[in-house]
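Residue numbers (our numbering), protein chains in the order written: chain A, 448 to 697; chain B, 879 to 1306.
Derived from the structure by calculation, the hints contain no laboratory data.
Warning: the hint list may mix true and false statements.
Claimed, not checked - Within a straight-line C-alpha distance of at most 27 Å, the following computed DSSO-like cross-link-like pairs (lysine-lysine) qualify:
hint, chain 1, residue 1, chain 2, residue 2
1, A, K677, A, K689
2, B, K1009, B, K972
3, A, K677, A, K546
4, A, K546, A, K689
5, A, K572, B, K1243
6, A, K677, A, K572
7, B, K1250, A, K558
8, A, K546, B, K1009
9, B, K1009, B, K1090
10, A, K558, A, K546
11, A, K572, A, K558
12, B, K1243, A, K558
13, B, K909, B, K1086
14, B, K1243, A, K550
15, B, K909, B, K1090
16, A, K572, B, K909
17, B, K909, B, K1062
18, B, K909, B, K972
19, A, K677, B, K1250
20, B, K1250, A, K572
21, B, K1090, A, K681
22, A, K550, A, K572
23, A, K681, B, K1243
To be verified - In silico contact screen, one side only, chain B against chain A (beta carbon under 10 Å); selected entries:
hint, residue
24, D893
25, G910
26, R919
27, L937
28, R1038
29, T1117
30, A1231
31, R1233
32, E1241
All residues carry an ideal CB built from backbone N, CA and C; glycine is no exception.
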Amino acid sequence: MQQYRFDGSFEGFLCAMSRCLADGIETAEFLSDTAASESGLFQDLMVDVATDRDNAIGFRERFVAAASVEAFAMLRYAFHSEHHGIEQQLWNYVRLGLKTGPKLCSMMADKRVNDVDRLARSVAKEAHKYKGFVRFREVEQGFLYARIEPEADILCFLAPHFVQRIGDRHWMIHDLRRSLAAAYDLTTWRLLRDITLTGSPGYTDAEQECAGLWQCYFQRHAIEARHNPKLQQKHVPLRSRKHMVEFDHS
Amino acid sequence: MTTLSLEQRLEILADSAKYDVSCSSGGSNRKGVPGGIGSTRPSGICHTWTADGRCISLLKILLTNSCIYDCAYCVNRSSNPIPRTALTPDEIVKLTMDFYCRNYIEGLFLSTGVVQSANHTMEQLIRVVRKLRVEERFNGYIHLKIVPGADAVLIEEAGRHADRVSINIELPSHRSLQLLAPDKPRESLIGPMRQLSSLIESARQEHKHSGKAPRFAPAGQSTQLIVGATPENDREIITLSEGLYQRLGMKRVYYSAFVPVSSDQRLPALPSPPLLREHRLYQADWLLRFYGFSSQELLDEAHPNLDMRFDPKTGWALRHLEHFPVEVNRADYQVLLRVPGIGVRSAQRIVQARRTSRLGEEELKRLGVVLKRARYFITAGDRYLGGIRLDGPQLLARLMAPNRRKASLDQLELFPAGTDVSAVTGEL
Chain A
448 MQQYRFDGSF
458 EGFLCAMSRC
468 LADGIETAEF
478 LSDTAASESG
488 LFQDLMVDVA
498 TDRDNAIGFR
508 ERFVAAASVE
518 AFAMLRYAFH
528 SEHHGIEQQL
538 WNYVRLGLKT
548 GPKLCSMMAD
558 KRVNDVDRLA
568 RSVAKEAHKY
578 KGFVRFREVE
588 QGFLYARIEP
598 EADILCFLAP
608 HFVQRIGDRH
618 WMIHDLRRSL
628 AAAYDLTTWR
638 LLRDITLTGS
648 PGYTDAEQEC
658 AGLWQCYFQR
668 HAIEARHNPK
678 LQQKHVPLRS
688 RKHMVEFDHS
Chain B
879 MTTLSLEQRL
889 EILADSAKYD
899 VSCSSGGSNR
909 KGVPGGIGST
919 RPSGICHTWT
929 ADGRCISLLK
939 ILLTNSCIYD
949 CAYCVNRSSN
959 PIPRTALTPD
969 EIVKLTMDFY
979 CRNYIEGLFL
989 STGVVQSANH
999 TMEQLIRVVR
1009 KLRVEERFNG
1019 YIHLKIVPGA
1029 DAVLIEEAGR
1039 HADRVSINIE
1049 LPSHRSLQLL
1059 APDKPRESLI
1069 GPMRQLSSLI
1079 ESARQEHKHS
1089 GKAPRFAPAG
1099 QSTQLIVGAT
1109 PENDREIITL
1119 SEGLYQRLGM
1129 KRVYYSAFVP
1139 VSSDQRLPAL
1149 PSPPLLREHR
1159 LYQADWLLRF
1169 YGFSSQELLD
1179 EAHPNLDMRF
1189 DPKTGWALRH
1199 LEHFPVEVNR
1209 ADYQVLLRVP
1219 GIGVRSAQRI
1229 VQARRTSRLG
1239 EEELKRLGVV
1249 LKRARYFITA
1259 GDRYLGGIRL
1269 DGPQLLARLM
1279 APNRRKASLD
1289 QLELFPAGTD
1299 VSAVTGEL
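Use the sequences and the hints to build the structure in full.
What follows is the structure, encoded as structure tokens:
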């Protein structure tokens, strides 16, 4: 089977699909650069696709014109789920979309669309939750620094939100699971790859004080007669508490 | 009073503010300004949940918990021997900005006890929000309490700075207000609410004509009712809410299960707050706002209280079995909404999906429709999914059959405003 290798980014994936369409190939396999190559035997069938922004945008326009903006948004969110085999699923979805046209999104009862929709919704939901869960801390270097460990790769959905919101400070959101970070420098945000910490970040005195005030506010705000930790846990699962100041009891 | 540290005062005032249930930060859509701080999202964003399972979206705080009034149900009533304190406008502004830039909160919910006079108190509140908006150029969400009886000029300024304004009715009837809050005749609450309603509406109209027209509380107004402190039945409460939604364009009515905060003789001694009743009232409230139900359909003289055994929609359906079952491939959207177990999102997805394919049981499941309750009330491709004859007593028994999942009561959504729901229903 023909294989296309791309750099693991969403744009790269669009370029790979675009190339595949140009080659007129139906059954293809898409390999992310970051995934270990399992195909030593068939190196000759492997095409490396370079990521090119214009090319990716061209593909987007083509798909939107054929299907719809919503259908493309679904594709984008689902891709970031990093679900196993997602590239194949999305390739099937894209081909279906190019064939059936604008009604793609309403074909919810079709398994090919439904599976993508489910993934897209779970990513969108997690991205929405993290717009609330991100906790910035002021570090000695003078910027706001937040750590997250989400299930899906949601940085590209979070960053534009915080660009709108915190425009007067330098900040960085660090996805520890993926060694990725979104960094904002007062004008624009950039995605940084392969970020590792060389030491633990030092927080400012003002930061310690502010975190303390928040913790005491958080504790006192609960009404004892309504105590309901199960309900709390349903909304803030334990796994997302690790980097939230109010759950930090150290 | 000044000897207390900021932390101690924050604790006292958080304690005094926490019985206000509104936590919504939605309904306002404002982009950030370049280089500035703050934006608002129409869906609202919850930032964390406290140990009682309630969300924190806004820094909910009182300017002061001193109060000249002595309302029996209120933790801040003048006769209650609790420590009294205050924060300065500068302190509140700094807390808000510090918490906001760390993404702890969506904005500020500022309320206060009434000191000296309504006008004086309102002026104090306005000083804080003016400082936030003008000096700090804070562009995030602000929910501001309006002090009943304050001057129209002050109210107008308050609404220019705030996203949402609110006056709490607290008690659902004249009778109860007279008994428990003798300083606050009902008219002194409804009058200002009417005034807010017309200011909000006229600003909205003007904004339609010109995008430059000044906004007045773009996220509208809300109010709160205490449940269980007084003898009103659910019918009185839901009818009142319906009136508030229809006549005053209220965005939300919040229901607060009464938590005994005093041993006043005029109040009932409740072993625990009536949380289930509160939950049922929220369900009924949702049916009014998003499902096209009227209060008379849900409650009448023969049934003045909501059934605690099942949700109000199931209750309604059991009294109107003649409307069921409905065929999911044909029924109108409005009809689908009335099927127990089918919510706004499921109904929308059904309507969307049936354009391209015929829906059977399998398809419904794939769409995420929860059939546990719905199956008794629908046919899919003309096949009835309930498996029993659709009659009252049998169905009742089925629907009441104990849930195999233990302790389902613990899982009640006390605040049905889940974040993911909000985008669909436009819940504010």
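Q: Output the numbers, in ascending order, of every earlier hint that fails for this structure.
A: 3, 4, 8, 17, 21, 28, 29
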